[in-house]
Every structure is written in C-alpha cells, then in structure tokens.
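Please arrange chain B on chain A, whose structure you already have, making use of the hints.
Number of protein chains: 2
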Amino acid sequence: MGKLKRNERIAAMMKILGDHPNKIYTLNYFTERFQSAKSTISEDLVIVKQAMEKMSLGRIETIAGAAGGVKFIPQTNKSQNKELLMEMSTMLMDPDRILPGGFLYMADIIYWPSIIQNLGVIFASQFSHKSVDYIVTVETKGIPLAMMVAKALNLPLVILRSDSKVTEGSTVSISYVSGSSGKIQQMSLAKRAIKPNSKVIFIDDFMKAGGTAKGVMDMMREFDVTVEGIGVLISTKGPENKLVENYTSLLILDEVNERDGIIDIYPNPKLI
Amino acid sequence: MGKLKRNERIAAMMKILGDHPNKIYTLNYFTERFQSAKSTISEDLVIVKQAMEKMSLGRIETIAGAAGGVKFIPQTNKSQNKELLMEMSTMLMDPDRILPGGFLYMADIIYWPSIIQNLGVIFASQFSHKSVDYIVTVETKGIPLAMMVAKALNLPLVILRSDSKVTEGSTVSISYVSGSSGKIQQMSLAKRAIKPNSKVIFIDDFMKAGGTAKGVMDMMREFDVTVEGIGVLISTKGPENKLVENYTSLLILDEVNERDGIIDIYPNPKLI
Chain A
1 MGKLKRNERI AAMMKILGDH PNKIYTLNYF TERFQSAKST ISEDLVIVKQ AMEKMSLGRI
61 ETIAGAAGGV KFIPQTNKSQ NKELLMEMST MLMDPDRILP GGFLYMADII YWPSIIQNLG
121 VIFASQFSHK SVDYIVTVET KGIPLAMMVA KALNLPLVIL RSDSKVTEGS TVSISYVSGS
181 SGKIQQMSLA KRAIKPNSKV IFIDDFMKAG GTAKGVMDMM REFDVTVEGI GVLISTKGPE
241 NKLVENYTSL LILDEVNERD GIIDIYPNPK LI
Chain B
1 MGKLKRNERI AAMMKILGDH PNKIYTLNYF TERFQSAKST ISEDLVIVKQ AMEKMSLGRI
61 ETIAGAAGGV KFIPQTNKSQ NKELLMEMST MLMDPDRILP GGFLYMADII YWPSIIQNLG
121 VIFASQFSHK SVDYIVTVET KGIPLAMMVA KALNLPLVIL RSDSKVTEGS TVSISYVSGS
181 SGKIQQMSLA KRAIKPNSKV IFIDDFMKAG GTAKGVMDMM REFDVTVEGI GVLISTKGPE
241 NKLVENYTSL LILDEVNERD GIIDIYPNPK LI
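In order, the protein sequences belong to chains A and B. With my numbering, letter number 95 in the first sequence gets 95, and the count goes up by one each step, no holes. With my numbering, letter number 243 in the second sequence gets 243, and the count goes up by one each step, no holes.
The hints are simulated quantities; they were obtained by calculation from the structure and are not laboratory data. Note that the structure is a prediction, hence the values are computed from the model and not measured. Hints should not be assumed to be uniformly reliable.
If chains are identical, the list can't say which one is meant, so a pair holds when it fits in one copy or spans any two.
[Stated by the list, open to error] Listed next, the in silico BS3-like pairs over lysine-lysine satisfying Cα-Cα at most 27 Å (straight line):
1) K23 with K54
2) K183 with K38
3) K82 with K3
4) K191 with K5
5) K208 with K237
6) K130 with K49
7) K270 with K82
8) K214 with K23
9) K165 with K237
10) K270 with K5
11) K54 with K208
Here chain A stands alone, though its shape is the one from the complex (with noise of 0.2 Å):
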C-alpha cells in the first residue's frame, strides 16, 4: 500500500477506534500502523476528537504516561436517550405484542442487534464513571443486551446458567426465588468464571419484584464479587419497593391491559 494522506488515516483511524471502544491503543500502534511520525498521528486525533464531540458520537480519550495512548468512549446525551427510548416504547406499546398471562412479546426486539447496540451504548455511558472487571448476565434473554454492554464498555461477559453443565468443570449453585412468577429456580456459575474481589455489573432484560437480581448479588457474595450496578432494560412499576435497591431501568412498564389491548410503557424520566 502507498502511504496513506491526512483524510485516509482519520477515516482509518476512527475505525479502528470506533470497533473496539475503551480499548486503549498506543501512540505507537498508529505510528506503525500508518507509518507516520507521531506528531502527524497526535494532530490526526485532535481532528477525530473535534468530529466526535461536534457530532456528539462519543468522546475521544487521550492517556498519558508510559501505559498512555488514546481510547473511544461511548456516550450518549439525553435527547439521543429520548429518541432511541420513545421509540422503544412505541414499538413496544403495539397490542399485537400482547401474551396471553398479559405477557409482552419482545423477542425480535431485544435480539435485533442494531437496537441492542444503540441501548449498550446507554448502559455504557450511565456506567462510564464506575471501574468494574465484568459485565454479569442470567440466561437467556439479557444476553444479546449485556454482550452488548460488555463490549462498549471491554469487558469480559459472565453468563449465568440455569443448571450446571458439564462443559464448565465445577460449578457454584444457588436457589433463588423469581419475582415474578414465584417458583423456586437455580443459578450456576463455573467456579473459575469469575476472579475473586472482582466488580460487576448486572445486565438483564426485565425485573419485576427483583428476585433474578437479589439471586445474582447472594450468587456473588458466594464469588467474594461485589455488584456495583443494576441495568435492565424494563422495570415494572409495581411492586415498589423491589428486592434491590438502586437499579438503572431504560423503560418503565406500567400496565399491560389484556382485556383492552393496553401497554403503558415509558422512557425512564431520569434518562431523557
């Protein structure tokens, strides 16, 4: 390849920051990479930086010292909060989506990976400011959402199993009780999924009374793991006074009407 001009590097550049977001590339990285000396490379990020903060897309960090280099953060703001979640809520308040159990169908929404993407990227940004090591998940349905979450913020993602498998050597169980339909259920995780004295967070599609939750801080309690957050992308108004305290939700379910084909669900006033 010839050498690349000023034009070409930033629109390479931008790429390769833009894949994997909080991931911090050296200096040095583009200097090979584009075999450019470093001050061209250093003016080069001055540009993207600029870019992404008028275009409101993210922030460009810059790290200095031996360990230094330069990372993407993504961020969003509240009108972009807004939009995307008003939206949500439109496509969800549809009464074909209605179950009966007045159940929601959402399973081609919180598996379409566009959308999920755009809500990790809000999760992201609520959690920027908090250090964690892992992003914590339950099977089956937060997976797509917390992936997403784990990889806006880099992190590693830890899924916990309903029963234990034998492709996961030694395992811890717990029994925990789910909110919303009472029945006793397991949670398992592999003994060495996890490092001890880690931080997470706690990534799920939806909580009602908060019973998955509570179950998967008694499952890190017996890791020596701390929860530093809660996010779900749909809390249910009631109950209240849910099983944990302090939870990030994107949407708020208030009603699912089945005899009339009402949805009453809303953006989180918090986030918009």
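Using the frame of chain A, we list chain B on its own:
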C-alpha cells in the same frame, strides 16, 4: 455546532457507517446531518472508500437508484483470518482448559466481546454473498457469537430455546438427538419468531456429530424456512461424516488428551 471541515466529516461519517455494518444510508441522510452538498458528500465517501481498501478494513459499497445509498461491508482477508485464528488456537491449547470428561473450558473466550466480534466478521465475510433474512442459534453458548454475526450482517437474531416459555406465546417444539451426548433433547421456537419462506444461517459454538445442526434444519422445515449456511466456531475432526453437510468451521479440534494434557486444535485451512 459549526459546519464540519472535510477531515471531521470523514471521521464522523466513518463512525456512523462502521457502527452499523450493512445498513444502507442515503446520501440525503449525510447531506442533512452534515449540512453539505451531495457532491461534497460523494467526494468524502470516495476518500473513506479508499482508506478502507488501502488498510484492508472492509469495503464501502455504493448502491445506485432511488433506494440507493452507501453501506459499509465488514470483510476479512486470509492473512487477517490466520492471525486471529492462530491466536485463538494458542489460547485454546492451554492444558488448564481441560475439564473432566475431556471437555474444553471456553466460556471466557466465547463470551469475550472483542474476540467474538472479530470472529463474527470472519463469518460475515464468508456468508456475505448469500441473501438471508435471519441468523439462527440455539441457547446458550453460541448466542454471543451469533449476535456478532447478526450485527455484522445487519440481520435479526433468532434464538431457539431448550424449552417453551410463557413469555413467547405459542411455540413449535421438536425433539432431536444431541450428537455429543447421545441424549434426546428438545428445542422450541415461538411461532411468530420467524416468517415462512425465509432464508437463514445457523451459527453455533461447537459441532461434534452435527445433531444440533440437524435439529435446527428440521425445526426450520416446520417453519418453511431454508437453512442457507451453517457456521460453527469449533468442529471436531471426528466423526468425519457429520449429520449435516456444508458447514463452515473456523477451528478444527483434533484431540483432547486428558491424561497427557494435550489439546490439538488448529484453524480451518480453507480460511487462512
């Protein structure tokens, strides 16, 4: 905000295109967002296109006509595949990964977003010529990888569950024989999860005899859906005759020797 300079526009444009691979953006989208003339945006796109080509970071494709626009197509070449898959093989050959029964502990790798994202792009490259409607996987371990393939191809993800759930409405269930365990298992899918006469690609983390893949093909037949491709992260070398033909495996596992602590795994020679 002030109007952006060309350099800044290119950074922002690359960020937008790169964030949503295979999504078509109209020229109007960019002229409005950047308050710039069509001719200016077209010139910007030529530069972005050249940068991607020169650095082998993917491809920018322009679609002519009324529904036209521009999209970013993720793409890897054989040397990029080789680098990533050799690195994966080295990680997986660590004798500490051997579990009782000769299983390999892989949860850390297959749930690590930045790795799995790069693997997703390899699959997207392999399947980019196929015109499909969904990416399909079975819970649980293949979900993160399947999600990343779906993201790279801008397709919805469909997750087959191991039992039917009240939160999914009416479902279709089938039984299948898991090739590795020989056990009869169930898979289940909401009727509304997938449209009849669709085309899908099945993605999973592991294939031994191919029982799960065959189960997925049977299930798709129930929905009048065609499986256009099968992609697995790891397939075992034996049995050579799997229950399905025409699958793409990124890595091939020849042997896990529990006694001597030897794991023989290597990249699929066709991809590197």
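Against the structure, the hints:
no.	hint	verdict
1	K23 with K54	both (22 Å within a copy, 23 Å between copies)
2	K183 with K38	neither (60 Å within a copy, 59 Å between copies)
3	K82 with K3	between (43 Å within a copy, 25 Å between copies)
4	K191 with K5	neither (51 Å within a copy, 53 Å between copies)
5	K208 with K237	within (8 Å within a copy, 46 Å between copies)
6	K130 with K49	within (23 Å within a copy, 37 Å between copies)
7	K270 with K82	within (10 Å within a copy, 47 Å between copies)
8	K214 with K23	neither (31 Å within a copy, 39 Å between copies)
9	K165 with K237	between (35 Å within a copy, 23 Å between copies)
10	K270 with K5	neither (44 Å within a copy, 35 Å between copies)
11	K54 with K208	neither (39 Å within a copy, 51 Å between copies)
Checked against the numbered hints listed earlier, the structure breaks hints 2, 4, 8, 10 and 11; every other hint is satisfied.
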